Amino acid sequence: MVLPANTHDNLYRILTKFPQTQLNSFTIRDSTDDEFIMDPHDESLLRFLSITLLQSRFTLQQLDISSFPSNLLLSQLSSYQFPLVTTLKIALVGCQDQDHFHHYWRQFKFSFPNLKELTLTLTKQHLSLFKYLIHDLSLFPWIKRLTIKSKESPKLYLSREELRTCLYQSEGLNRISAGWDMIAL
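For the sequence shown, this note's numbering assigns the number 996 to the initial residue and increments by one for each residue that follows.
These are calculated hints, taken from the structure and not from any lab test.
Predicted model only: the values in this text are computed from it and were never measured.
Don't take each hint at face value.
Stated by the list, open to error - Derived pair list, reagent style EDC-like, types lysine to aspartate or glutamate, alpha-carbon separation capped at 20 angstroms:
(1) K1012 <-> D1037
(2) K1144 <-> E1030
(3) K1104 <-> D1059
(4) K1111 <-> D1059
(5) K1126 <-> D1092
(6) K1104 <-> D1092
(7) K1144 <-> E1112
(8) K1111 <-> D1131
(9) K1146 <-> D1059
(10) K1139 <-> E1157
(11) K1104 <-> E1166
(12) K1150 <-> E1030
(13) K1144 <-> D1028
(14) K1139 <-> D1059
(15) K1119 <-> E1147
(16) K1126 <-> E1030
(17) K1126 <-> D1094
(18) K1139 <-> E1166
Start from the sequences and build out the full structure, keeping to the hints where you can.
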């Protein structure tokens, strides 16, 4: 579903009244504002996770919830896997403490073990968490394609050279797209 960002919370609330348990693909986004990130404290998101998303964890293959805060998904579903999800679009929100970055990405990899394409809605505030992902070679091979979307130009805080170096060093990763440019092997 493509809807204005300011209606996403209402849509999540409505969806919990009509639970689905066999979803293969799920999309909620705003085509005019791909960089919008929802408030992680919104109660409708928690209900959506437990009533809809968790119930479809064995059937979901594509999950496009680019405004949904990733920390909420990981904290609420930490012991669950989505084994068939190969494409995920989500807002990168997480801890600011670098001591926890390792655990955060290990949890992400555990929850989505067969992920091939990851698109992150990124804010400058969570840049260090993103950089940990691309610099932690022990996470790979895992994803093959990584895309960044941001309201701020990623050029301001990510250089093409840094992305290219990470791409060459990360086994299995063959493409990084950062808004202005794409680096591929």
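If you test the structure against every hint from before, which numbers come out violated?
none
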